[in-house]
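K.L.:
If you're matching them up, the sequences are chains L and P in order. Counting from 1, position 746 in the first sequence corresponds to residue 746 in the working numbering; the numbering is continuous, with no gaps. Counting from 1, position 94 in the second sequence corresponds to residue 94 in the working numbering; the numbering is continuous, with no gaps.
Since the hints were derived computationally from the structure, they do not count as laboratory data. Careful, some of the hints might be misleading.
Distance ranges between label pairs, derived from CB positions [stated by the list, open to error]:
1. 498(L) with 14(P): 45 to 51 Å
2. 555(L) with 34(P): 18 to 24 Å
3. 81(L) with 153(P): 54 to 60 Å
4. 125(P) with 17(L): 48 to 54 Å
5. 84(L) with 125(P): 52 to 58 Å
6. 597(L) with 56(P): 55 to 61 Å
7. 555(L) with 153(P): 38 to 44 Å
8. 576(L) with 12(P): 43 to 49 Å
9. 741(L) with 12(P): 51 to 57 Å
10. 500(L) with 56(P): 35 to 41 Å
11. 71(P) with 17(L): 42 to 48 Å
12. 68(P) with 744(L): 46 to 52 Å
What the simulated footprint calls covered on chain P by chain L, stretch by stretch (three residues with Cβ under 8 Å from a Cβ of chain L suffice, anywhere in the stretch; the number is not a length) [unchecked claim]:
13. 6 to 16
14. 50 to 60
Note that CB positions come from ideal geometry on N, CA and C, so glycine has one too.
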Amino acid sequence: MALDDRKTDGFKYIGTRPNRPDGLDKVTGKARFGADASASGMLHGAIVRSPHAHARILKIDATRALALTGVKAVVTRADFATGLTGEDADLLENVIAGEKALYDGHAIAAVAATSALIARDAAKLVEVTYEPLPHVTDVDAAMQPDAPIIRADAADDSVPEGMHPNVVRYMEFGRGDLEAGFAEADAIVEQTYKTEATHQGYIEPHACLAQLGADGRGELWCCTQGHWFVRRMCTALLGLETSQLRVTPSEIGGGFGGKTTVFIDPIALALSRKASRPVKLVMSRSEVLRATGPTASASMDIKIGMKRDGTITAASGVFRLQGGAFPGAPTAETMQCAFACYEIPAVHEVGYDVIANRPKQAAYRAPGAPMGAFAVESALDELCRELDLDPIEMRLKNASREGTRSSFGPRFPRVGLVETLEAAKAHPHYAAPLGPNQGRGVACGYWMNWGGETSVSLAISEDGTAQVTVGTPDIGGSRASMALMAAEALGIPYENVRCNIADTGSLGINEPTHGSRATYASGLATIESARQAIGKLCERAADKWGIDAEAVIWEDGCAKPSGPNAGEFPPLTIAEIAAEMGSTGGPISGHHEATPNGHGGSFGTHLVDLEVDPETGRTTILRYTVVQDAGKAIHPAYVEGQFQGGAVQGIGWALNEEYIYGQDGRLQNPIFLDYRVPVASDLPMIDTVIVEVPNPGHPYGVRGVGETGITPPLPAVANAVATAAGVRLRHLPMTPPRILAALEQKAGG
Amino acid sequence: MSRIHVTTTVNGDEVEYLCEPRETLLDCLRDHVGLTGAKEGCGTGDCGACSVTLDGRLVCSCLVLGAEAEGKKVETIEGLADGDTLHPLQRKFIEHAALQCGICTPGILIAAKALLEKTPDPTETEVRYWLAGNLCRCTGYDKIIRAVMDAAAEMREAS
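Modelling step: build the complete structure from the supplied sequences, incorporating the hints.
P.N.:
Dropping the structure here:
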């Protein structure tokens, strides 16, 4: 479905900032999140986890645990499906270990008991005999010839012969004459950049309440970004028929991609099946950090050539990502996004997906993109300094625009990168004075966005109000956006629309709230559902007036006769038509199903000013501005919120956050005190500029906005640190000790 | 292990519960009293999602034992509004879009209320440092700080 010419401006509700419909519940403590549910006869679960980074499991003895009063069931891998292949086999292996523990925190067994305290006590009584094995946690070390082999058969056919078995996928693409491009350059930068693994850091740990009977019918309540994904994964891992499990999503306390897969849900279902009682399972924070999806860590070699006038002549990149003990690091996404912002005549990229003794990585906001952006945007900044170029002018000179052939092949449709650069250049931030030890950084970023399987229903109620039923959990105000789009399409007040998030028993398949797709795809399907309902409303009016339905138009929530032969009738309001629907043909609703693919990417440009204390190496963010293309901002306050939240997660990745493993391969910082996410006192206000270059693939021009914002901060902060401190850090995070070490190295010689 | 009988006041109501000596006040509120507004985000006092007040003092209820509430007054998010009338902080959080997922919101509202009772006219820096113990991963804090400052201004005008 394409952009409607008639509806790119002159909106009545779109672009306003009404209160969100679920706001009251969420400020009064009434909203029910994952851990807030309970059931009659409910047991509590606890999980036994590996203390080893890599170990063979020789024996699991639950005798003492089962002897504890109140313990009702213990499950191990033997309680799950057998014979799985491909991604399902990996998923099961990650959910509960088979022959080997593959990382510190890997689930080995689980217990259900009459209280959470007893379950935790019992988990300590499960005796597991391990044979520790050599381990590796660093991506570069895992590729070395002498690295321990984590899983001998994990690689696919793409990997060239002779590589270590820990290299499980290989990819390569490019075009143009690289050699000629570099020969043409006046300056070339060639450097290696590294980023560490970070965690999504949602404040709500994973939680679920499961009930599964011996007849294979089940109910699952859980916090998830996508309950149809949960249903498919859980039923596969337990050997059930998909439709026999109904999954109801709770309110969700953050996800950022990390709640698009399953960890504890299949275990809770297995415990429930074994104990014949409902089982609640809630993760602790250290379980979240040790055993749910962090990001990949990355090591990247970048080479870029540039002419004296700022024209990029050639670029190449080698991207090595480890995504834990399973294939799936977002290497391809890193490669696609790394050079996406620029028109480059010759480009070549090579990527490796590497396994290591770490938890299986999960999606995290624009998965893969921030790493590549850090490397490429840092390298470009190094070239701008060498050639004395303005970083925005250089980017404007090379910026991707409509028709530009991307580094990964396709040509871009209408996109808004140039508009974000122009807006950043014109912003007062870009001309603000800087003091001593202060620096300014600029960087761009891109995320391709996603459409995905989508099913939406909209029903008119007897009083002319409307209910919208969507399958994408509301993770940041999307109910408000859906209600605004439905109100706009139907011509009724925003307050007259209620948006509900349906369980898996109430709609067709919906992909999760991921890929920045909810407002785009569920929004598109909401508008189409509303238009279908409007067609029926017009038919009812036509029947009443005794004229053709084609002679009726819908305007401001009313059916009106239109055209030369329609006749003169007073408008019929939606409430008047709805009041009679039972006797005029039955319920009036609309329904739309699609896998829309006109999502269109979103580009952004960020500016940051910061100060580095030369004595302590501490970085203070002084000023931050996000400029990003939203296509059309449905609810601008929540668009700003996405920009601000993404920027701050990126600042955390740049300055503080990292997974720190000891020599023993165990995670050393599995609590929030040591895994330090940004707090309020670390930050200034985050200024935002919403650029609106309508997306041709959405009826109102919407582009997903959720993910792009985490991509530019990593390089923008690094580029600003380079100015403020006079040292270039090519390894994130730029913690005070790392900055101090760089300053000392510079002073020493 | 014998349980401890606790008599306490929660949001003005007298409440009794039996708890294990090692159970936290957070677990007692959620599992025995049935108030699930306070959330557990970390269990180590680092995220502030479980913030409540105990005899007027702001605490992480995950770091307080349930038995310690004996004879004290506990205030939780469920007691912040006056019937149908929202506290100005609650209203401003909705108006400013100061929540995205909403999991940190109860704790932040309780912490912000404690701030404004002590400091009715806080600077932005004071608000940021007071709320430094309340993690929010969605918003980048911008709209939260604005909502607290705006609520403070409104409360000063009304008083």
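K.L.:
Each hint should be assessed against the structure and marked as holding or not.
P.N.:
Consistency of the hints with the structure:
no., hint, result
1, 498(L) with 14(P): 45 to 51 Å, "violated, 37 Å"
2, 555(L) with 34(P): 18 to 24 Å, "violated, 50 Å"
3, 81(L) with 153(P): 54 to 60 Å, "holds, 59 Å"
4, 125(P) with 17(L): 48 to 54 Å, "violated, 27 Å"
5, 84(L) with 125(P): 52 to 58 Å, "holds, 55 Å"
6, 597(L) with 56(P): 55 to 61 Å, "holds, 57 Å"
7, 555(L) with 153(P): 38 to 44 Å, "holds, 42 Å"
8, 576(L) with 12(P): 43 to 49 Å, "holds, 47 Å"
9, 741(L) with 12(P): 51 to 57 Å, "holds, 56 Å"
10, 500(L) with 56(P): 35 to 41 Å, "holds, 40 Å"
11, 71(P) with 17(L): 42 to 48 Å, "holds, 46 Å"
12, 68(P) with 744(L): 46 to 52 Å, "holds, 48 Å"
13, 6 to 16, "violated (count 0)"
14, 50 to 60, "violated (count 0)"
Against the hints set out earlier in the document, violations occur for numbers 1, 2, 4, 13, 14.
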